[in-house]
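Student: Each chain, written out:
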Amino acid sequence: MLKKSMIVCLVLLLLAGMLAGCSTQTPAGGEKQEGGILRVGSWQEPDYLNPPLAEMVASSEVNKMIFSGLLQVDDQMNFFPDLAMEVPAEENGGIVIDGSKFTVTYHLREDVKWHDGEAFDAEDVKFTYDMYMNPAVKVVSRDGYDKIENFEIVDPHTIKITFGEIYPPFKQLFDYIMPEHILSKVADINTDAFNQNPVGTGPFKFVKWDPGAYIEVTANEEYYGDGPYLAGIVYKIVPDTNTLLTQLKTGEVDVFINFSWAQLEEVEKTEGVSAFVTPALVWEHVDFNLQKPLFQDKAVRQAIFTAIDRQEIVDMLMYGRVKIATGDQAPISWAYNPDVKQYAKDTAAAKALLEGAGWTLGADGVYEKDGQKLSFTISTTSGNSQREQIEQLMKEQLKEAGINLEIRNYEAATLFGDILENCKFDTILFAWSANVDPDCYTLWHSKQLPPNGQNYPHFINARVDELIDTSRQAFDQTARKQYFDEIQEILAEEVPTMPIYYRANLDAAVNKLHEFKPNPTLYSNMWNCSQWWLEQ
Amino acid sequence: MRNYVIRRLLQAVPLLLGVTVISFLIMHAAPGGPLTMYAMNPKVSAADIARMQAALGLDLPLHQQYWKWLTSLLQGNWGYSFTSGLPVAKLIAQRLPATLQLMLASFVLSVAVAIPIGILSAIRRYSVLDYSVTILSFAGISLPVFWFGLMLMLLFSVKLHLLPSSGMFTIGMEASLWDRLSHLIMPVTVLSMASIASWSRYMRSSMLEVIRQDYIQTARAKGLAEKTVVYKHALKNAMIPVITIMGVQIPLFFTGAVITETIFAWPGMGRLYYTAVLQRDYSLLMGILTISASLVILFNLLTDIAYAYFDPRIKYD
Amino acid sequence: MHSSYWGLVWQQFRKHKLAVAAAVVIIALCLLAVLGPVISPYSFSSYEAGAVLQPPSGAHLLGTDELGRDVFTRLLWGSRISLAVGIAAMFVALVIGTTFGALAGYYGGLLDNILMRFTDLVLAFPALFLFIVLSAFFNTKLIHLILIIGGMSWMEVARLVRSSFLTLKQLEFTQAAEAMGARDRRIILKHLLPNALAPLIVATTLGIASAILYESALSYLGLGVQPPWPSWGNMLSNSQSYVWLAPTLTIYPGLSIFITVLCFNLLGDGLRDALDPRMK
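Residue numbers (this note's numbering), protein chains in the order written: chain A, -3 to 532; chain B, 225 to 541; chain C, 117 to 396.
In short, the hints are calculated from the structure, not lab data. Incorrect hints may appear among the rest.
Some chain A residues near chain C, calculated using beta-carbon distances under 10 Å [claimed, not checked]:
#	residue
1	Thr237
2	Asn254
3	Ala258
4	Glu262
5	Thr343
6	Lys347
7	Gly379
8	Ser381
9	Glu387
10	Leu411
Below, computed lysine to aspartate or glutamate pairings styled on EDC-like, alpha-carbon distance capped at 20 Å [what the hints assert, rightly or not]:
#	chain 1	residue 1	chain 2	residue 2
11	C	Lys131	C	Asp389
12	B	Lys314	A	Asp435
13	A	Lys204	A	Asp435
14	B	Lys267	A	Asp184
15	B	Lys539	C	Glu294
16	B	Lys314	A	Asp342
17	C	Lys133	B	Asp403
18	B	Lys267	A	Asp435
Don't be surprised by glycine CBs; every beta carbon is placed ideally from N, CA and C.
Based on the provided sequences and hints, a complete structural model is requested.
Tutor: Next comes the structure, spelled out in structure tokens:
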């Protein structure tokens, strides 16, 4: 983990070193230049420019430039204040716990204006809350907002929110504030023109959305924070990643978000461009369907896990630059526990485990027991070459250990909408993207079996249930950590899923762009776009 | 002929209706739905999904959903996209110009190249020209579009800096005709490869057929100038298979240019359609399918009318 | 009578040296497809972790792919699937399309209307969705693939055959045969169809290429052959991400498709001349 952040630091230092030789880490100072239009290339197009309605990553990238929230998260995964004056904590009186409820107090900035000139105040925050809770509005999720018991406006710049239960991830709420003076007068928020023509309080103002082509934003001169230094940003939509790389080479884009490993060498070869490899909170894994009799014996699951060679997969497909996953928490998360049962590839040990469980090697080289062969299928999103490659490597590795793996892939909506959702899979390969708060309730709790939640493996473990419940009832990070540690230990022992590796985000930016710091969380790479500046 | 056309137009209505019903049923038979990605989001609860289903009208029985769609359409309301909330009519209208430009330019280029080289290949059969054209045509179909497009980009944009690599225009230069044309060149070339190859083969093959027919021999025997023989007599008849193919393939360009559009970041209907399929945006899809089905029916009618023009012996009644 | 007709055809065919050469190449390809995978020392799925994206060498005739597998072996295995799919699917399309087109073109009137409107229907409906639905319900067996691709490719053939028949129907020899009281089936099969061959042959050649490429598009939807089974189509699409690291990976399957299609075309040219009723 240290190695990865070293690489990021080195790249940043390299950028810094290319300037007049002195440190440029601090925003104050004469080094920063103003002006210039930055072209960011993305292969995905946003759906709604109205954050509570938006589902896609591309939407949050654009929304980050236009809107502000009470708090934000930086590239080191720490919260910092945005529209709020400070991060509420027990120490500063921002959080007051009263039994099983707690009250958060936010003091709001007084110098914030909406892009149309109106002043920002507590009414906007209250309206945002009402919008989330309004059943007529098609918000993606009101998780967390539905735990709010009382919303009090103390004065135009102070609010007190009371939650009906202890909810540690509360700081992730209100990450976008919506304009009360505009949206409260609208007939139907779901289809209003605002969604393609937003007004926010962020460092950039919306200018234009040419559908399928680009979105243009321009600098907000009245921005309350430091910056912005860029005159504007153009968010170009280029759906093919090879074309996007070509645009980087011709200088038609300055930033390429999310390129692939197969393109890494070419990006590094391109002059004037740097590649950023940022370990993320995303982990690829293979879930077992524990409803199938074959997988109900722990020995079989552990044997399969021991038979695959994840290091080889990572070395071949990602040049060894990501870490093998040991569990559902990524190394960059504070909840990460590396001291769990390890599963390095050991074909002999895998075979021993199987034989110990009563399996015998058949004439065709595949283990069998009571007339059943040790054969099962794996499914993933068809057309995703990285995942298909992982499957093919696994198949050969398992063959060595006398296990037969068949590959059967499906188109994404079919895979997730039917095969996964209705638990029709034997094993399934896909990725989970964690949030800043390590809460894993929906994944492992017995109350979250589909369709209620995302416990697709059908993992039922009383101790894990207990640990998850307890972890959701405390704010103290140290206390919560021990629960998460134990959850990861149990998961590593029981193997309801085989974590494969932790993803790293691959982004490319021209060297002329400074302060570009990829953010591993869902707060997106645009989190500090007000600080970006271009060498002229 | 007039009665024939009127009959066909009248038949088009139930046909179109039938297509929409079948399309609607097939769409809903496919696993997954517009809310699949929401179900994958840990923050979205089952209650949230149920709420969204109701809001989109997806909890109604199928025939009611279809009826709602049909009656709205007949009143001029094409509905709202499930993924972006935008009116379907607006979404389609936004992408239509891009597709029309591409289709039209590609059609013009294909006809301008395929017909002449097809004819020449037929006249100079088994010559070097004929074989070169044959080889190039098949190379055109066998070459993967993504590879060919990328090679063109690398050559003309990266190495030679002659053409912009992708997109419809340079931002800020939307009004410049030259800018738009320079963006159009590569996508049109790539898109037309397959149709040039295909149409020129048909042209060649049917020219060969017609040239050998008796009345052409008679015309030659009468001593008419070679050119007249070729153009006046042979060409008209030879066009029949060619316009048949054109009539079938042109409507397919409407949503079928998706690979070219993806590679060249061209904001056309193909990409819109493909993304809508992946996202199961039923509302948008019904709108697009209605238009593309109309095009298929229309072009087949036009082809049949064209037959009568090119070969007056053909009768339909 | 029968044998001397085919004897005549063969004689005509032999005159086209290129067509004969093409036929030989096609037979060679089929032989390679059947025998090649058996002879090759490599399997199409076993990989060498250290030998990724190697250029051609003594050990690997065409180098290795992104997982260190022998490209030549995969190409041979892939030819089984691609040739089978290409030829069989086109055959299915030919049979269906010719039947529809011949009946519609010859009988005209109501039958023509019904058949052609049905063709419009199939052309108009969302094939992509159909594939997605099918991929969820069917296991990806080769026969399903062939039927699906054939089932989506016959429309062009139908319209072509019909257009030929519309013209031929009006010609004197047809009317003469009808006047002589010949049965419909005889007229269609013996008199009209041989004259409608020219566009059919073009359609077949082009159709084989598009059937092979169709399979590649279907694999994006999870419907084509599943990994690790290679086909020329999916080898092409896999090479797309590696176009920067190993641009030649695209060339081999593309070249294979090119050679196959070219040979079928030359063969078709030769056949058409040999079968032409007007050639003495």
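Student: Quick check: which numbered hints come out false for this structure?
Tutor: Per hint list: 2, 5, 6, 12, 13, 14, 16 and 17 violated.
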